[in-house]
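Chemist: Each chain, letter by letter, is given below.
Protein chains: 2
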Amino acid sequence: MADLDPDFRQSIPDGDDRVRRICTHCDFVDYVNPKIVVGSVARWEDKFLICKRAIEPRLGYWTLPAGFMEEGETVEQGAAREAREEACADLEIERILAIYSIPRISQVQIMFEATLRSQDVRPGPESTDVKLVTWDEIPWDDLAFPSVHWALKQWKSVEGQAAYAPFGNPAGSEHLTHG
Amino acid sequence: MADLDPDFRQSIPDGDDRVRRICTHCDFVDYVNPKIVVGSVARWEDKFLICKRAIEPRLGYWTLPAGFMEEGETVEQGAAREAREEACADLEIERILAIYSIPRISQVQIMFEATLRSQDVRPGPESTDVKLVTWDEIPWDDLAFPSVHWALKQWKSVEGQAAYAPFGNPAGSEHLTHG
Ligand SMILES: [Zn+2]
Ligand SMILES: [Zn+2]
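Each protein sequence line maps, in turn, to chains A and B. Last residue of the first sequence: 179 (UniProt numbering), numbering continuous. Last residue of the second sequence: 179 (UniProt numbering), numbering continuous.
Looking at chain A on its own, in the form it has when it is part of the complex (with noise of 0.2 Å):
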């Protein structure tokens, strides 16, 4: 049972060199760093992995199976997990596609390349339904987020390459990333 509400104060924690937001009552420190997500575009065959959402924000849009990364895992991990959730998928992690930072939400979304294992998804509790579709079924107009265009046009335009750089955010999305 609570007995106190939290109450900030504003203050440099000793040793640190930046303000920081901690608790009067218990001199609690707030270290408010980025948060991971990890994901991935995940292929069977020619086909596409994407989930609809159960949950806000973007509740009814597609996305790709992506979420936050827990402690006691790896990247790769986490995304694995994050498509048996919401997608009851087996993934076979490949290598690194993206990395977006997205100071306005303080994230950062690290996307993967996978295939699936096998081609048994069916829709975890985050999801209300979940597909395999090809590129041109792919249901452009309702996806949930702009890092969910930006890794699946990325992933596009280096399709067949043995080796590429990984991507970061596309220029001219600083209205959508910062601020």
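Some hints could be false.
Given that identical chains are not distinguished, each listed pair holds provided it fits within a single copy or across any two copies.
What the hints assert, rightly or not - Taking lysine-lysine and the DSSO-like style, the derived pairs with C-alpha atoms no more than 30 Å apart in a straight line are:
(1) K35 - K153
(2) K52 - K156
(3) K52 - K35
(4) K131 - K47
(5) K131 - K35
These aren't lab readings, by the way, just hints derived from the structure by calculation.
With chain A held as given, fit chain B with the ligands onto it using these hints.
Modeler: Same frame as chain A, but now just chain B with the ligands:
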């Protein structure tokens, strides 16, 4: 001033799906997500930038410029900022070299290839010395962290390649990265 020490219970917050540490006084939820370290293998001609640590851990050992990502910046900006803070160095960030997952200390380290825009480097507050050294001059026995070794060796293994897939944790490193 603090009235109470933080005192955490283990509990699942509303709408979450796993146990978190929650302060019994003020219900502050301690979401412990992996933190992002950004750094670089930075070169001036055939030389590498290394920094002698002025702070714990591994005070007195040599490292690559790297540190915790802050809010409001991209991963590339964070890697450039760390080199500026630690070595007063001006970097051009080129591409992603590696992403290391180190669950043992809850870090994800994103390492870039970079070049120096000038060879004018000098110690910042977190370094007692900085140097530009050739490959043969790297103080292998006095490097601060395993990931410093990994980044340098992996850089060498793709030296001169136009494109390559970034590296992850080296095979056989589980004893260093996991609990
Ligand atoms: Zn508190
Ligand atoms: Zn508290």
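Chemist: Each hint needs a verdict: does it hold in this structure or not?
Modeler: Now for the hints, and whether the structure bears them out:
When the C-alpha separation of K35 and K153 is checked against a cutoff of 30 Å, the pair qualifies both within a copy, at 24 Å, and between copies, at 28 Å. For the homomeric pair K52 and K156, the shortest alpha-carbon distance inside one copy (21 Å) is at most 30 Å, but the shortest distance between copies (43 Å) is not. Proximity of K52 to K35 under the C-alpha cut-off of 30 Å is found in both arrangements, the shortest distances being 23 Å within a copy and 29 Å between copies. In the homo-oligomer, the alpha carbons of K131 and K47 lie at most 30 Å apart inside one protomer (9 Å), although the nearest pairing across protomers, at 50 Å, exceeds that limit.
Only within a single protomer do K131 and K35 lie at most 30 Å apart by alpha-carbon distance; the minimum there is 28 Å, versus 33 Å between protomers.
Checked against the numbered hints given earlier, the structure satisfies every one of them.
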